[in-house]
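**Q** Chain residues, written in single-letter form:
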Amino acid sequence: MFKIIGYRLLVSLPLLFFVTALTFFLVSFTPGDPAVVILGQNHTPEEYQRVREQLGLTQPLLVRYGDWLGDIVQGNLGTSIFNQEPVVAILNSRVGVTLSLVLGTTLVSTLVGVGLGLASALRRGFLATIVDTVSLLGFALPNFWLALVLVAIFSIGLHWLPAIGYVDPATSPGDWLRSLVLPVLVLSAPIIGVLAQQTRNAVLEVLDRPFIQTLRAGGASPASILFRHILRNAAIPIVTVVGLTFVGLLSGTVIVETVFALPGLGGLAVQATSRHDLPIIQGVVFYFTVIVIVVNLLVDLAYAWLNPRVRVA
Amino acid sequence: MSNDVITPGPVVTTGPGTRPPRWLLLKTLVRKPLALVTGGFLLVIILASLAAPLIAPYQPTALDLPNAFSGPTAKHLLGADELGRDVLTRLLYGGLQIEIGVLEGILTVLVVAIPLGILSGYLGGIFDRVMSAITDAILAIPAIILVLVILSLFPNNSHVSMIGFGLLISPGIARIIRGVTLPLREADFVAAARISGVSELQIMARHILTAVLRTAIIQASFVAASALHFVVALGYLGLTASPGQPDWGQMVAVAATQITSHPWLLVPPGGLVALTVLALILFGNALRDSSANVNQVAAMAEPVLPVGPPTPVAPVKDAQLPAPDALLAVRDLSVVFSNRKNQTRIVDGVSFDVRPGETVGLMGESGAGKSITALAILRLLPGAARLTGGQVFFEGRDLVALNDREFDRLRGTTLGLVSQEPLSSLDPTFTVGSQLGELVRRHDRVSGPKLKARCLELLNQVQLPDPARVLKSYPHELSGGMAQRVALAMALAGRPRLLVADEPTTALDVTVQKEILALFRKVQQETGMAILLVTHNFGVVADICDRVFVMYAGQVFEDAGVYELFRRPLNPYSQGLLRANPAKAQPGQPLQVIPGRVPSPGNWPPGCRFAPRCPYAQPECTTRFIPLVETGQGRLSRCIRLGELVEKELL
Chain A
1 MFKIIGYRLL VSLPLLFFVT ALTFFLVSFT PGDPAVVILG QNHTPEEYQR VREQLGLTQP
61 LLVRYGDWLG DIVQGNLGTS IFNQEPVVAI LNSRVGVTLS LVLGTTLVST LVGVGLGLAS
121 ALRRGFLATI VDTVSLLGFA LPNFWLALVL VAIFSIGLHW LPAIGYVDPA TSPGDWLRSL
181 VLPVLVLSAP IIGVLAQQTR NAVLEVLDRP FIQTLRAGGA SPASILFRHI LRNAAIPIVT
241 VVGLTFVGLL SGTVIVETVF ALPGLGGLAV QATSRHDLPI IQGVVFYFTV IVIVVNLLVD
301 LAYAWLNPRV RVA
Chain B
1001 MSNDVITPGP VVTTGPGTRP PRWLLLKTLV RKPLALVTGG FLLVIILASL AAPLIAPYQP
1061 TALDLPNAFS GPTAKHLLGA DELGRDVLTR LLYGGLQIEI GVLEGILTVL VVAIPLGILS
1121 GYLGGIFDRV MSAITDAILA IPAIILVLVI LSLFPNNSHV SMIGFGLLIS PGIARIIRGV
1181 TLPLREADFV AAARISGVSE LQIMARHILT AVLRTAIIQA SFVAASALHF VVALGYLGLT
1241 ASPGQPDWGQ MVAVAATQIT SHPWLLVPPG GLVALTVLAL ILFGNALRDS SANVNQVAAM
1301 AEPVLPVGPP TPVAPVKDAQ LPAPDALLAV RDLSVVFSNR KNQTRIVDGV SFDVRPGETV
1361 GLMGESGAGK SITALAILRL LPGAARLTGG QVFFEGRDLV ALNDREFDRL RGTTLGLVSQ
1421 EPLSSLDPTF TVGSQLGELV RRHDRVSGPK LKARCLELLN QVQLPDPARV LKSYPHELSG
1481 GMAQRVALAM ALAGRPRLLV ADEPTTALDV TVQKEILALF RKVQQETGMA ILLVTHNFGV
1541 VADICDRVFV MYAGQVFEDA GVYELFRRPL NPYSQGLLRA NPAKAQPGQP LQVIPGRVPS
1601 PGNWPPGCRF APRCPYAQPE CTTRFIPLVE TGQGRLSRCI RLGELVEKEL L
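Protein chains in written order, with this note's numbering: chain A, 1 to 313; chain B, 1001 to 1651.
The following block holds chain A by itself, in its conformation from the complex (with noise of 0.2 Å):
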């Protein structure tokens, strides 16, 4: 166990690597001045020596990148150019936000998605079409302009839920879930009908494999045939699956987040693309390769527990 997460540490390194010195190479590598770019025409030649020198573009290159990367191992990436403050903080008080959205999305997504494509796998015909539909329309609405038909319907019209804003779990766990309903049903959306979809082939794939017929023949239980051994062989592609949508639920946060004015780390993205303010964005870049890479690592495990193969190896 302690070896496939070290393994994995291990490869994931060169991913942050990689993606920081691509934020960092393309600011470099940009024509034009970029703290012209950020600052406007109209500036002060105080203002842009600061900028340049936030920036870090008042020394060579490399010295640059290797600044960059020391200061990032001693967890400064940086200050705000819009307001001066240090980013790490400004980006810890909001990751709360984006973490609260993605899990649940995940988790509601998986319990629905898994669950329906389960059904539709055992009984089909009219499921199997619901779930190709669901598919279907979850790919096809823009998910910004579903939260906006969603807050018409059950905030504006049926006052069920808040159609924007965010309730810290502090001040209230009840608020702070009727904040999230909303945003998670829109993030789900596209990935409920992946999952099922994935769920009810991996499912079928699993039915027709001959242990299947073994254990029915022995007179295992229908139940236990079901939930132990078609679900967890299933698991296994399902699994691989979900950190798969997971990079593209990161990427919803950031419409998502904006539509209804939450204040995680997406909605502060485009608010800095904005204002130009560079340093939140390769910051939040950051933070969204570390979760990623932390995501993989709970796949990898969740693969090896899974399948027994792999725990060996």
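In short, the hints are calculated from the structure, not lab data.
The structure displayed is predicted, hence computed values, not measured ones.
In this text, a Cβ means the ideal position worked out from N, Cα and C, and glycines have one as well.
Keep in mind that the hints are not guaranteed to be accurate.
To be verified - With the C-beta cut set under 8 Å, the calculated list includes, among others, these residues of chain B facing chain A: (1) ALA1140; (2) ILE1144; (3) HIS1159; (4) HIS1207; (5) VAL1273; (6) SER1424; (7) GLU1438; (8) MET1490; (9) GLY1561; (10) TYR1563.
Using the hints provided, position chain B relative to the given structure of chain A.
**A** Only chain B this time, still in chain A's reference frame:
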């Protein structure tokens, strides 16, 4: 935009060695109504936005304040916004910019992904590994966040954003192209080109490129769907468009500010995006399906005939009543395999008996229907197969009449199964102890030390060395022979009265085969259970069976004691099989084979189904139904020339 993972559905490729026919894709496509409708819709959207200045009823910025917030009316077909600007007009004018963005995305993907995919698939090696690592890294980053980095450096530049989007999507598509290229590297037409001196670069540019182009076109429609979402979302966020512009995303953003009082404004832009994406996906699906059809045309289509009227039942003794001493009596069993279009009979009126403690072989070439017969008895038919007639009596009780719950009670305790693939017949995710224990717990209702003791007893019974260690092992840690012993132990857990063994030794080494057969004999002596052994191997029959039923094309052709059958088969088919048995080959004589092959179900010839391959066939053999008749000494045979052939000593 929330789906960075595209490709909904499998990627269809042509088989290796076949060069995909040109234009066939287009020809198959126009025959699909869904493709025509969605393709037509997309074409209308594109043409309409190109012709916006000609066909739009108003100017995109023309104000009509008295009609602000008008819903759909004759004046404003899709309504008017907060300044009375015509929504339809603004959608038409906004289309072009969206389409340019989508096109930029697609072109970037095609230009980047196709060469990279072909190179890593065709060259392999270090290039492939580096590409694979980069792909993994890029797939791990949410695309939009990097595009936000780009947008903060190139403010309001939708072109750079969409090219960036294309670059971030490309590795995933390149991976798909690589998958299509891999088998092509070894394809015949590529090998031929290489031998005739065409350079590697030319092979890639000419032969591989044309072959992967179809996959690339299919993927392009899914990329277009993602790109459309992306470009509209950027507009919505106000990163590439400002509020006054007739931009689809901005129209949704403006509608959002009026959501409380005028929700209608959300409908036209959002609906248009949803419909267009839907059309792109469905068009892509249609492309993919046509591509699959193209491949099917290339493959040999196996004709499936509709199921005819049931063949009249052979006048065999009192066919409907089980013999009083039979443990299992199968009567007139028929199984039909149905797909969407056709029904095909695969087992046709099979009857036979198994007596207590007896080992009976069900013998025949592949496709004879013997395994399906066995599975039908166990009520384990695969999804598309259905029992359409006949009875299965166990000690005089008709099992076919039982409901599923009643039948489940017989599983393991009355009827057991050992199947062909020992390793895949065990659940790979559980230890042997876990899956064997599950069955023991259910049958014996024991737990704890008693459960373990019974498991060890079963493993000892199947002569596994070190049973305690085997209990803790996972199936992948066992050899084929060991796995088959475990499978047998699982079948024995409920102490069945009849064990159905479906080709139990076929997948094993010859020496292991002998051991397993010996084990079957030993277990049978200890338990007194009967065995129904499905096999295509006369050696196995000779080794362990008391009696044998020879099946051909869904029918029983001969029923005889093993000794009698080997001494003198009374059916041309059994005779052919025996002569073709390699174990019986005479030194210096060529091994005999039965000419031709087993007709597939649905293609059974009229009259005697073996007639086309039979050396003794006469015209009369193919004109009418051939019954299974008694030949004395309790033997049965299906051949109308039997008497004549026996007389001439041909049999």
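**Q** Compare the structure with each hint and give your call.
**A** A quick look at each hint next to the structure:
| no. | hint | in the structure |
| --- | --- | --- |
| 1 | ALA1140 | 5 Å, holds |
| 2 | ILE1144 | 5 Å, holds |
| 3 | HIS1159 | 14 Å, violated |
| 4 | HIS1207 | 32 Å, violated |
| 5 | VAL1273 | 5 Å, holds |
| 6 | SER1424 | 5 Å, holds |
| 7 | GLU1438 | 6 Å, holds |
| 8 | MET1490 | 5 Å, holds |
| 9 | GLY1561 | 28 Å, violated |
| 10 | TYR1563 | 31 Å, violated |
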